[in-house]
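Undergrad: For the record, the sequence lines run as chains E and D.
Start counting the first sequence at 1; every next residue gets the next number (full-length UniProt numbering).
Start counting the second sequence at 1; every next residue gets the next number (full-length UniProt numbering).
By construction, these hints were calculated from the structure, which means they are not laboratory data.
Treat the hints with caution; some may be incorrect.
As the list claims (entries may be wrong) - Below, computed lysine-lysine pairings styled on PhoX-like, alpha-carbon distance capped at 25 Å:
1) E/185 - E/134
2) D/184 - E/185
3) D/185 - E/185
4) D/134 - D/184
5) D/185 - E/184
6) E/134 - E/184
7) E/184 - D/184
8) D/134 - D/185
As the list claims (entries may be wrong) - Pulled from the structure, derived: some chain E residues nowhere near chain D, Cβ distances all over 12 Å:
9) 9
10) 11
11) 31
12) 36
13) 53
14) 151
15) 182
16) 183
To be verified - Heads up, incomplete: computed chain E residues facing chain D, CB under 8 Å, no partners named:
17) 21
18) 79
19) 106
20) 150
In this text, a Cβ means the ideal position worked out from N, Cα and C, and glycines have one as well.
There are 2 protein chains.
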Amino acid sequence: MDPRAVRSRTAALAAARDLLMEEGWPGVTHVAVAERSGVGRTTLYRHWPDTPSLIRDTLAHHIAVAHTEPTGDLRADLLHELEASRAMLHEPATDRAIRVVVERSAVDPAFTEMKDALFRAGTRVLRDIVDGGKERGELPARLDTDLAVDQLVGPLFFRRLLANRPVPDGYVPEVVDAFLRAHKKKERAQR
Amino acid sequence: MDPRAVRSRTAALAAARDLLMEEGWPGVTHVAVAERSGVGRTTLYRHWPDTPSLIRDTLAHHIAVAHTEPTGDLRADLLHELEASRAMLHEPATDRAIRVVVERSAVDPAFTEMKDALFRAGTRVLRDIVDGGKERGELPARLDTDLAVDQLVGPLFFRRLLANRPVPDGYVPEVVDAFLRAHKKKERAQR
């Protein structure tokens, strides 16, 4: 993409993200994004031919902005990234988006593709942190990264989406420390 | 309820559960349940004035049938109950029902009540198993039962609903053993 296209795309996604947070999922339309960002509607339709693709990239952008930057400190990195996930799960717009995607992705192929893209984007950093822990020998090499991701974020999603309850302060450290007690190599060697 | 009312209710729920498994959520209607069970439609409407209440009790009955009976062997009980949850999550009708409830419960009060009832029914046995482990001193008394439930079933729900992937053989033992390594008292005492 030429630099002008990159700029217009970035401006559009920033505006779309604001709309998502302010008005929720139904607020993210080509018309509203054009008004908010000043990017022409023709340009918007060139980047995103339909509403699902616009919403998918808006959510992906929102997820990318929320991600943390791993430092190599396994426990601290897990805490930061899961606290970011916890914050996202409490945003009404994101909560709504996740619920709609969970329901629609099972029956509508456009949403299935969106869900897969969001799932990869949403778990990328956590996956990197776990793989880093394995490479540094802090987690067992045979630990399945997918299973580790499920064990780390699964409880938070279950609490929000199935129990419909807030994830309280102190919850993320409990989950991370239980995960580390279960898997961390130093402690396994003592048994 | 008099014994005849109990019998007609039981017969209706058994028929409704068959319809749910064969035709999914839209198959559970008063007309279809009346035909399948031989219970009169007037009686059905007396038990369940609307479709959401009929579906809620059908799912609750299905969950009750799927539950296991704890024996007091902590690891075995957790394995059995989570394998039952795993099986339910792979049934197309249950998968569909959970996704719809997750989406609708955030916006429709009838579904919110349904979700709460199903959540309580669905986690009841797991909660009992964890509380039993705490009473017998195998799990720490200060372990939060809600958190334990999230850690045990959260990964399975995340894998099915968010990753849209099957939960493979061997997954449940990994989750249960990680949970026990993290929390079991004997092993905590060694550290």
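Undergrad: If you check each hint against the structure, which ones fail?
TA: Hints 14, 15, 16, 17 and 18 not satisfied by this model.
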